[in-house]
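Colleague: Chain by chain, the residues run as shown.
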Amino acid sequence: MSDKHIDEVSGVPTTGHEWDGIRELDNPMPRWWVWTFYITIVWALLYAIAYPAWPLLTGSTKGLLGYSSRGEVRKELAEADMAKGGYMTAIKEKSIDDILADEQLRTVAVAAGSAAFKLNCVQCHGSGAEGSKGFPNLNDDDWLWGGTADQIQQTVAHGIRFTQDGETRDSVMPPFTDVLNGDQISQVSTFVASLSVPVENASLIEPGKAVFAENCAACHGDNAKGNKEMGAPDLTDAIWLYGPGEEAIAAQIRTPHVGVMPAWDARLGETTVKELAAFVHSLGGGEK
Amino acid sequence: MQNQEVTRLDAIASNSAANRKPLYARRKKIFPKRASGAFRQFKWIVMAITLGIYYLVPWIRWDRGPFAPDQAVLIDLSSRRFYFFFIEIWPQEFIYVAGLLVMAGIGLFLLTSTVGRAWCGYACPQTVWVDLFLVIERYFEGDRNARMKLDAAPWSFTKLRIRAVKHATWLVVAVLTGGAWIFYFADAPTLAKDLLAGNAIPTAYATVAILTATTYVFGGLMREQVCTYMCPWPRIQAAMLDETSLTVTYNDWRGEPRARHVKKAIASGTSVGDCVDCNACVAVCPMGIDIRDGQQLECITCALCIDACDDVMGRLGKEQGLISYSTLNDYNANMAVATRSGASAITPELVRNTDGTFSDKLAHFNIRKLLRLRTFIYFGAWSAVGVSIAFALATRDRLELNVLHDRNPQFVRLSDGTIRNGYTVKVLNMVPQPRKVVLQLDNQLPGATMTVAGDEGMSLVSTEVALEPDRLKTLKVFIKADPKQLSAGANAFSFVVTDTTTGERAEYTATFNSPENLQ
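So the sequences go chain by chain: G and S. Under this note's numbering, think of the first position of the first sequence as 1, with each following residue one higher. Under this note's numbering, think of the first position of the second sequence as 1, with each following residue one higher.
FYI, nobody ran anything at the bench for these hints, they're computed from the structure. We treat Cβ as the ideally placed atom computed from N, Cα and C, and that holds for glycine. Don't take every hint at face value.
[Unchecked claim] Subject to a maximum C-alpha distance of 25 Å in a straight line, what follows is the list of computed DSS-like cross-link-like pairs (lysine-lysine):
(1) S:Lys476 x G:Lys84
(2) S:Lys476 x S:Lys426
(3) S:Lys33 x S:Lys193
(4) S:Lys361 x S:Lys318
(5) G:Lys288 x G:Lys94
(6) G:Lys94 x G:Lys84
(7) G:Lys288 x S:Lys476
(8) G:Lys94 x S:Lys476
(9) G:Lys75 x G:Lys62
(10) G:Lys228 x G:Lys133
(11) G:Lys133 x G:Lys118
(12) G:Lys84 x S:Lys473
(13) G:Lys118 x S:Lys361
(14) G:Lys225 x S:Lys361
(15) G:Lys92 x G:Lys118
(16) S:Lys193 x S:Lys29
(17) S:Lys28 x S:Lys149
[As the list claims (entries may be wrong)] Some residues of chain G that are not near chain S, with every Cβ distance over 12 Å (derived):
(18) Thr14
(19) Thr15
(20) Glu18
(21) Lys75
(22) Phe162
(23) Gly269
(24) Gly284
[Claimed, not checked] Sample of chain G residues facing chain S (criterion: CB under 7 Å; computed from the structure):
(25) Met82
(26) Asn139
(27) Asp142
(28) Ala238
(29) Asp265
Please construct the entire structure, taking both the sequences and the accompanying hints into account.
Modeller: This is the structure in structure tokens:
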């Protein structure tokens, strides 16, 4: 194609090709474009030497800089671990009371516990740890098994009535349908309800008190204040796990519900359990 | 078939292929001659002041006590504080800076509507640095003619040496300019040492490098092209001018017809104006324009042509002000005198009396012409914003309180039947001194007590909190109240903090939530 053709209008040579009478002008590329193009070529060559680039049968060339994206991730993760390292070691080694006494460490533990709580605990206790019927509210100051930090840690670590764990907290309220007749059950539930709220049928209180002393006081105490050693709830306060009122109390005497909480020690490890205990303790009801 | 005569039109396509010029034109180099005179003097002073402020302000010290930096002007990005002499601004107070920007905007309107593009001509960094770079260029290469000669000369060792020294000096100025910028963002003496020792953060070096490049390229290489092609201000400022704004004007009503050989022209009986066509105004122009063409977009109103022309007029024994600051109104009025309201060409005899003095019919600029509704409105708005900022600054709080109410759960019923709500309380100590404040509740929640996390078991009515200087203190606070004293749903009350020594006080209205079925 040595057909040298000059375009009449612009005076610029054409490429020599013709399509239906249309010819393409052979203007030179702008200089800045050409130079940028050359620089990209040089850049690409240097890049291919410095970074992993050429595919081989079982991988690729490594590049002079030894860069790899997996290596970068490993480095960043290691840095993140380093940054947290001091706190995590301290939480692991210190007792829960020592952690709570150190303001900085407590802040870290509570934040970590909050994250762990959202993953593992909200399913039963609710996203605000507010609980629901049968699942205790962890914000309040009523604790079935004790509300000091180490008691909470013990509960989280080994669970409640969780048979796979040897150290689990265990006690069961028996059903009283075989022991008490219907009248006695309504008497004792009226008595129990009267300990915290006024009741309608006050005549049932006295006989109920007798039934209570004979059948219930062994676990719930003579004053019905409960016993944290065996998870027997305080019956004089305003908090009812299975609902307030005589009807709910009577139902719980006839066929008691007993909840189960799994042990978390084996699953989450001691550090996370401590963080969870610190978080639950910080919700406002924690005891000294 | 009938042959009809076709009329041939005498038309040429303006954009015909033969006439069309390329849209891109090579820059023609400009070699401004050194001017001298009143305006040049004024520009030297403005240049000294603006450059002095820029380079020296970061080095001014200001004692704020042991808990705050002692740099008078400091934008501390890492701790998010802005210090300006006795003023300290937190990020949420950025509105003051926004106010300053509003003032700068309105101030520019005010300035432009009165004295035209004075910003462009005197105070714009581009103008100031180009002036500085021109001083350096003149020092090494000489004035206009010498520079033109050098530019046209073939490359030689001498030319190479002169050019190299000039560019090297420009680069030094550029580095110092870029370097000065970062001193506003860190303690200047420390940063200067770190910079020189190579210990400063990479961002510092990158910023210096970028600003060095922009200073060198804009001030040394691109110069007037920045104003003409890159900057939006010429367009915006030009739109803000009106008939009573002062602009640099060539008074062709007294200058035309211009004549190079005045005596010969007078001898031949033609009347001539004052302009002797010496081109002094063209030679000094840093924008490369001829002011005698009238108002132009490129003109930054630096007034150097006024200096140049006044000098020539003085030497010729004529009145100064052939090129002058004047308003379009005055110019039009004088043009009407000189041209019999457009009925004739400019006639020099019409503007002068027979004894050679100017006619009484001519309009002269008077400072009172600047006082008009538009400038009053601008000045009013400008000072209103200024006074508001000053008042707000003088009366602003240096102790603040923010409260976040726990939302989940909204409230907790405790074993004794009382209701508890949780709050995250943030107390802002906005002065660089430690202080002690008392946090308490107002009396809208009768009998309520609070417990501060970390201090459980203590039911308090008020608690003393130690605040670190210039820091925010976060407290987790639980409030307990008797349901008998509450109404169902939301109960409004306030947290109050009071400085134990100064009595400074901040209040935050919060709500205490209780169940809808209160018993």
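Colleague: Provide an ascending list of the numbers of those earlier hints which the structure does not satisfy.
Modeller: 3, 13, 14, 16, 24, 25 and 29
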